[in-house]
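Visitor: Last residue of the sequence shown? That's 301 in my numbering, and every number before it is there in order.
Since the hints were derived computationally from the structure, they do not count as laboratory data.
Everything numeric in this text was worked out from a predicted model, so none of it was measured.
Among the hints, erroneous ones may be present.
Stated by the list, open to error - Derived pair list, reagent style SDA-like, types lysine to any residue, alpha-carbon separation capped at 25 Å:
id	residue 1	residue 2
1	Lys128	Asn85
2	Lys5	Glu19
3	Lys41	Glu191
4	Lys128	Glu237
Said to hold, decoys possible - Just the calculated beta-carbon pair ranges, DEER-fashion:
id	residue 1	residue 2	range
5	Glu181	Asp280	45 to 55 Å
6	Gly21	Arg281	17 to 27 Å
7	Gly21	Ser149	31 to 41 Å
For glycine and all other residues, C-beta sits at the position ideal for the given N, C-alpha and C.
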Amino acid sequence: MDDSKFRGIIPAFYACYDEIGRISEERVRELAGYLLNKGVKGLYVGGSSGECIYQSIEERKMVLEAVMAEVYGKMTVIAHVACNNTADSCELARHAESLHADAIASIPPIYFHLPDEAVAGYWNDISKAALNTPFIIYNIPQLAGTALSLPLLKRMKENPNLLGVKNSSMPVQDIQMWHDEDVFVFNGPDEQLLSGLAAGAGAGIGGTYAVMPELYKAIFECYQNGEMEKGRIIQNEACRIIYCMCDADCNLYAVMKEVLRIQGGPDIGDVRLPMSRLTDRGRAKAREAVGMISTAVRDLL
1 MDDSKFRGII
11 PAFYACYDEI
21 GRISEERVRE
31 LAGYLLNKGV
41 KGLYVGGSSG
51 ECIYQSIEER
61 KMVLEAVMAE
71 VYGKMTVIAH
81 VACNNTADSC
91 ELARHAESLH
101 ADAIASIPPI
111 YFHLPDEAVA
121 GYWNDISKAA
131 LNTPFIIYNI
141 PQLAGTALSL
151 PLLKRMKENP
161 NLLGVKNSSM
171 PVQDIQMWHD
181 EDVFVFNGPD
191 EQLLSGLAAG
201 AGAGIGGTYA
211 VMPELYKAIF
221 ECYQNGEMEK
231 GRIIQNEACR
241 IIYCMCDADC
251 NLYAVMKEVL
261 RIQGGPDIGD
271 VRLPMSRLTD
281 RGRAKAREAV
291 GMISTAVRDL
301 L
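All chains, please: the whole structure from these sequences, using the hints.
Guide: Below, the structure written as structure tokens:
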């Protein structure tokens with residue numbers, strides 16, 4: 001399977017709400033266009049950063065439709081389609097294929113700890129609902145509660161539509177294991193993009209990419225060019241910026257949406273309850289992070 005359209009920096013797309021917390025198609029399109037102009041490879045729509053578990057099926061369709069209306073044919077779009085039941089997940093998979101998304105992705109079902117055969121069945125059913133679209137496993141055990149194992153991946157490799165794994169587990173060793181199984185791997189943890197690439201990842205999908213895409217694009221280019229020390233310096237500064245944003249007393253996505261606003265990007269609202277909304281400390285940390293990003297872009301790139 002040709003993976004060239006997936007190689008590069010792919011921001012995880014943020015949820016975009018209006019002033020009263022409804023999905024704003026206008027703001028979705030504004031954010032998609034903003035990131036297109038930043039020169040990133042693509043967008044990962046409807047995942048953790050998109051607050052997918054707090055949105056309805058219809059809302060998630062609205063978001064993907066607005067993204068595709070803005071950037072179709074201009075950048076790679078991966079649609080995360082997982083819901084906590086097979087029928088809704090398959091509906092979103094069919095919808096993503098109808099819009100010509102470049103790939104679909106899915107976490108495992110959450111809450112109940114299902115055996116490997118049940119998880120594989122769930123993923124294969126989703127993939128069958130979009131037979132002409134590559135399928136990506138999304139491994140994020142710290143949130144989903146179920147970890148991708150080597151036997152489960154080997155089982156999933158029987159699916160001809162399997163492109164690879166979006167790996168958001170923290171051990172870099174996991175990326176090495178999936179890469180050795182000859183599947184395409186997307187590095188998930190933003191704090192270890194350089195390490196993930198060195199372990200075999202061919203791309204990065206990250207929740208903080210949208211607020212500092214210049215730094216992550218530079219890390220990717222450093223790895224490609226063999227400039228590992230420069231890449232390490234930029235990666236370390238990206239980590240410090242993440243630590244700053246995480247030091248707020250509210251949800252990280254609320255802080256990053258404020259960072260976007262301060263940077264002159266689109267206003268995409270706050271986060272959806274029960275996630276903790278922007279606070280005064282969150283605003284202060286956002287301002288601090290904006291300064292750190294500006295300094296890093298000026299001094300390191």
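Visitor: Compare the structure with each hint and give your call.
Guide: Here is how each hint holds up against the structure:
no.	hint	verdict
1	Lys128 with Asn85	holds (15 Å)
2	Lys5 with Glu19	violated (35 Å)
3	Lys41 with Glu191	holds (19 Å)
4	Lys128 with Glu237	violated (42 Å)
5	Glu181 with Asp280: 45 to 55 Å	holds (48 Å)
6	Gly21 with Arg281: 17 to 27 Å	holds (22 Å)
7	Gly21 with Ser149: 31 to 41 Å	holds (38 Å)
Violated hints, in rising order: 2 and 4; the structure is consistent with all others.
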